[in-house]
Amino acid sequence: MAGKVDTSLPLEYQTHQDRMNILGFWVFLGAEIVLFATLFASYFILVDRTAGGPSGADIFHLKEVLINTFLLLTSSFTAGLMIREMRNHNLKGMLILFGITLLLGLGFLSVEIYEFTIFVDKGAAIGTSAFTSALFTLLGTHGAHVSLGIGWGILIMIQLVKRGLTPTTARKTFIFSLYWHFLDVVWIFIFTFVYLKGMVM
Amino acid sequence: MGVLGAGTGHQFFVTGDPLILASQIAIGLTILGIVGGLTYFKKWRWLWTEWLTTVDHKRIGILYILAGVLMFFRGGVDGLMMRLQTSRPEMEFLNSQHYNEIFTTHGIVMILFAAMPLLIGIMNVVLPLQLGARDVAFPWLNALSFWLFFVGAMLFNISFVIGGSPDAGWTSYFPLAGKEFTPGIGNNYYAVALQIAGIGTLATGINFIVTVLKMRAPGMTLMKMPMFAWTSFITSIIIVAAFPIFTVALLLMTMDRLFGTHFFTVAAGGEPMLWLNLFWLWGHPEVYIVALPAFGMFSEVISTYSRKNLYGYSTMVWSIITIAFLSMIVWVHHFYTMGSGPAVNSFFSITTMLIAVPTGVKIFNWLFTMRKGRIKFTTSMLWALAFIPCFTIGGVTGVMLAMAAADYQYHNTMFLVAHFHYVLIPGVVFAVFAGLYYWWPKMFGFTLNERIGKWHFWLFVIGFNMTFMPMFFVGLDGMSRRMYTYSAGLGWENPLMFSFIGSLVLAAGFAAMVYNIYWSFRYAKRGVDHDPWDARTLEWATASPVQAYNFAKIPEVKSTEAFWDMKKEGTHTLKESEIEKIHLPSNSGVPFLLSVAIGIVGFFLVFEWFIPAAIAAVLIIVGLIVRSFDYDEGFYVSVDEITKTEKKWRGDL
Chain F
230 MAGKVDTSLP
240 LEYQTHQDRM
250 NILGFWVFLG
260 AEIVLFATLF
270 ASYFILVDRT
280 AGGPSGADIF
290 HLKEVLINTF
300 LLLTSSFTAG
310 LMIREMRNHN
320 LKGMLILFGI
330 TLLLGLGFLS
340 VEIYEFTIFV
350 DKGAAIGTSA
360 FTSALFTLLG
370 THGAHVSLGI
380 GWGILIMIQL
390 VKRGLTPTTA
400 RKTFIFSLYW
410 HFLDVVWIFI
420 FTFVYLKGMV
430 M
Chain A
182 MGVLGAGTGH
192 QFFVTGDPLI
202 LASQIAIGLT
212 ILGIVGGLTY
222 FKKWRWLWTE
232 WLTTVDHKRI
242 GILYILAGVL
252 MFFRGGVDGL
262 MMRLQTSRPE
272 MEFLNSQHYN
282 EIFTTHGIVM
292 ILFAAMPLLI
302 GIMNVVLPLQ
312 LGARDVAFPW
322 LNALSFWLFF
332 VGAMLFNISF
342 VIGGSPDAGW
352 TSYFPLAGKE
362 FTPGIGNNYY
372 AVALQIAGIG
382 TLATGINFIV
392 TVLKMRAPGM
402 TLMKMPMFAW
412 TSFITSIIIV
422 AAFPIFTVAL
432 LLMTMDRLFG
442 THFFTVAAGG
452 EPMLWLNLFW
462 LWGHPEVYIV
472 ALPAFGMFSE
482 VISTYSRKNL
492 YGYSTMVWSI
502 ITIAFLSMIV
512 WVHHFYTMGS
522 GPAVNSFFSI
532 TTMLIAVPTG
542 VKIFNWLFTM
552 RKGRIKFTTS
562 MLWALAFIPC
572 FTIGGVTGVM
582 LAMAAADYQY
592 HNTMFLVAHF
602 HYVLIPGVVF
612 AVFAGLYYWW
622 PKMFGFTLNE
632 RIGKWHFWLF
642 VIGFNMTFMP
652 MFFVGLDGMS
662 RRMYTYSAGL
672 GWENPLMFSF
682 IGSLVLAAGF
692 AAMVYNIYWS
702 FRYAKRGVDH
712 DPWDARTLEW
722 ATASPVQAYN
732 FAKIPEVKST
742 EAFWDMKKEG
752 THTLKESEIE
762 KIHLPSNSGV
772 PFLLSVAIGI
782 VGFFLVFEWF
792 IPAAIAAVLI
802 IVGLIVRSFD
812 YDEGFYVSVD
822 EITKTEKKWR
832 GDL
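Just so you know, the protein sequences line up as chains F and A, in that order.
So the number in the numbering used here is just where the residue sits in the first sequence, counting from 1, plus 229.
So the number in the numbering used here is just where the residue sits in the second sequence, counting from 1, plus 181.
Since the hints were made in silico from the structure, they are not lab data.
Do not take every clue at face value.
Stated by the list, open to error - Some, not all, of what chain A presents toward chain F, calculated at C-beta under 7 angstroms:
1. 214
2. 387
3. 395
4. 425
5. 429
6. 435
7. 439
8. 778
Computed from a predicted structure; not experimentally measured.
Ideal placement from N, C-alpha and C gives every residue a C-beta, glycine not left out.
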């Protein structure tokens with residue numbers, strides 16, 4: 230890449246362009262915060278508008294939610310370990326942890342899809358009420374982000390295998406990890422304010 | 182009306198209206214002309230390598246401006262048709278449905294597809310140059326932003342010949358914009374096309390924020406940035422804060438219209454007011470997204486032609502920041518009359534009126550900049566001068582509208598229409614014109630004709646006032662907006678006829694601008710000096726038109742008026758020994774092709790053809806994969822080539 234390489238910094242920060250990419254991604258995450266905040270606000274407005282259909286208390290199931298929370302939080306942890314291995318220049322360990330992270334994400338998605346079929350079985354389809362519309366859209370947007378993250382992660386893994394650990398692949402991996410942690414943070418909000426609140430209140 | 186489309190009750194090609202038939206023929210002939218011309222002059226390769234694949238911020242800026250002028254024409258024709266339709270009572274030029282479509286597309290086209298690209302285009306050309314940078318932070322993303330905007334705009338524009346235009350107003354309030362009341366596909370265009378263009382804009386916002394934070398020339402602290410760079414920066418922050426809200430609002434609209442959800446429809450518990458809140462949470466900051474860069478342009482123009490530095494630089498900066506902050510907490514003033522209650526209305530009334538304070542500060546700063554200046558009355562400067570009184574009328578009527586109690590009288594009348602045109606036309610369009618005349622030599626290496634420019638100026642300004650001033654009076658007289666016709670004897674005929682004549686004068690002003698561009702391309706003197714206005718900021722320190730690499734040597738900055746200092750101290754020179762090779766990014770066809778793929782998916786979604794949309798979505802995934810595996814590291818411009826290029830325009834090398 231262009232510019233001077235500062236080898237005193239971690240791999241992903243060594244060129245000016247890479248530093249800009251990382252900052253740009255942080256700004257993008259700012260936009261993502263606004264995006265999810267808007268979805269949450271819409272959900273809170275419509276949460277009681279069940280139009281005679283099922284409410285959160287009727288359809289939420291603690292077991293699936295806990296499994297999902299466990300899967301996603303663990304995947305965020307393994308993503309953190311992956312970056313630790315990257316800093317240690319251990320490509321193999323990094324790839325293993327990357328793979329585990331994506332598999333956990335895949336597990337999360339499978340459970341979420343299964344959960345959606347339960348919702349529908351219980352008479353809560355996306356068009357049932359304003360509440361279910363908001364619920365499916367919020368969860369679906371998060372789920373779509375996870376799906377996109379898995380596809381993106383696979384592409385980065387291929388590049389790591391092909392090119393080894395370079396400033397560019399390190400930067401890509403690092404940005405992926407930021408994205409992945411962000412999805413985890415969003416999930417914590419979903420877990421608390423959609424599921425727990427829905428089950429308790 | 183014939184039905185060529187699927188069984189959903191809409192037709193594929195819109196038929197049965199002579200106006201639309203004429204446009205269809207015109208579009209067909211234009212496409213034939215462009216394709217024929219490109220083939221005849223063997224320009225396809227040139228088009229691809231020089232423009233469709235470019236990642237150079239200056240060229241992307243020019244593409245934005247070109248698209249913006251085209252869309253300004255389209256929106257202008259919509260406006261003319263509206264004024265003709267209301268020029269006489271019981272006029273039978275447009276039917277009510279056609280009128281609904283025209284005021285809807287006029288609003289969207291003017292705000293999102295004319296004002297935005299013109300401003301972002303000028304920002305693209307000027308911002309990196311003012312910062313003393315080689316490029317924007319993410320050149321590839323910049324190209325993607327443009328093509329997403331362009332594809333979104335084109336998708337929106339074909340609506341009136343293919344499938345039918347959106348017709349629920351530019352604000353598309355529910356329940357009217359829902360499937361129940363507008364079952365055709367017109368409003369699907371609104372949801373999908375604006376989404377595509379909006380994502381492009383969001384990417385631009387991110388790009389410019391990083392550009393400003395990371396690519397300023399050495400010595401240029403934030404408080405030494407030129408005012409236009411400041412306004413571009415703050416605008417970008419508002420974009421990143423506000424556009425995701427619009428993204429979500431449009432997503433929810435798409436879900437409601439295409440997938441049977443109930444966000445905004447009263448059936449099954451939905452809430453139409455949610456749409457209003459989300460729309461204006463984006464829509465009001467949007468007003469400042471288009472106004473702030475325009476204020477930045479006026480600051481540069483007024484300072485240069487008054488031959489003085491900008492009065493009250495730091496208060497200017499703080500007023501922009503204050504406006505940005507306040508812009509986010511005023512949105513409810515768009516629906517005072519819809520049952521918010523006195524406490525809520527009072528809060529938003531006060532925040533709204535507060536915006537007049539920092540805006541007033543800016544007006545006074547401009548006036549004090551001119552005080553005791555040696556003012557040069559160039560065309561650019563005339564636009565800036567005309568802006569001040571016209572915009573003040575818009576501002577004062579804005580404060581009138583900001584009073585919640587009084588707004589019950591004005592709400593949704595022509596008074597409102599007059600008000601926001603008095604804000605947006607001086608505050609954005611005049612600024613864009615000032616900016617175009619000012620920066621034109623930077624883009625093309627020749628100046629626009631000043632004589633034709635003055636025709637352009639006078640026709641446009643007089644036409645503008647003639648068109649919109651009468652609306653204040655018919656509005657106070659009870660005429661509501663979006664009325665397609667009215668009975669005789671209400672006393673509105675004469676003002677509205679006057680307004681129509683004014684709109685013709687306005688159109689003549691636009692025509693003068695187009696003629697000016699044409700004339701100047703053919704006859705204007707080439708090889709104009711790199712600093713024709715004796716200006717003060719860094720973009721004038723480099724050649725006109727600017728070389729691909731912007732600056733042979735990145736300048737060092739000591740004050741807000743870096744180039745002015747350099748000229749005074751004689752330090753804008755370049756020694757041959759200082760030249761080093763320069764890295765530039767390679768062109769890429771991916772942004773263009775990826776955007777086309779997204780446009781195709783969007784088109785299928787508009788028509789609710791989900792299987793073709795899913796198949797076409799594979800193209801998007803392919804595009805993203807290609808991008809992910811793209812390790813092109815650009816190329817270097819050699820010292821020899823830089824020396825040669827610099828020698829061509831510099832006297833001192």
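How the hints compare with the structure:
1. Because the closest C-beta pair between residue 214(A) and chain F is about 40 angstroms apart, greater than 7 angstroms, the hint is violated.
2. Using the Cβ-Cβ criterion of 7 angstroms, the hint placing residue 387(A) at the interface with chain F is satisfied: the shortest such distance is roughly 5 angstroms.
3. For residue 395(A), the interface hint holds, the least distance from its beta-carbon to any beta-carbon of chain F being 5 angstroms, beneath 7 angstroms.
4. The beta carbon of residue 425(A) is positioned within 7 angstroms of a beta carbon in chain F (closest approach about 4 angstroms), and the interface hint is therefore held.
5. For the restraint placing residue 429(A) at the interface with chain F, the shortest Cβ-Cβ distance is roughly 4 angstroms, inside the 7 angstroms limit, so the hint holds.
6. Because the smallest distance between the Cβ of residue 435(A) and any Cβ of chain F comes to about 10 angstroms, over 7 angstroms, the interface hint for this residue is violated.
7. Annotation: interface hint on residue 439(A) violated; nearest CB of chain F at approximately 11 angstroms, more than 7 angstroms.
8. The restraint placing residue 778(A) at the interface with chain F is violated, with a minimum CB-CB distance near 16 angstroms, outside the 7 angstroms limit.
Hint compliance for this structure: hints 1, 6, 7 and 8 are not met, and every other hint is.
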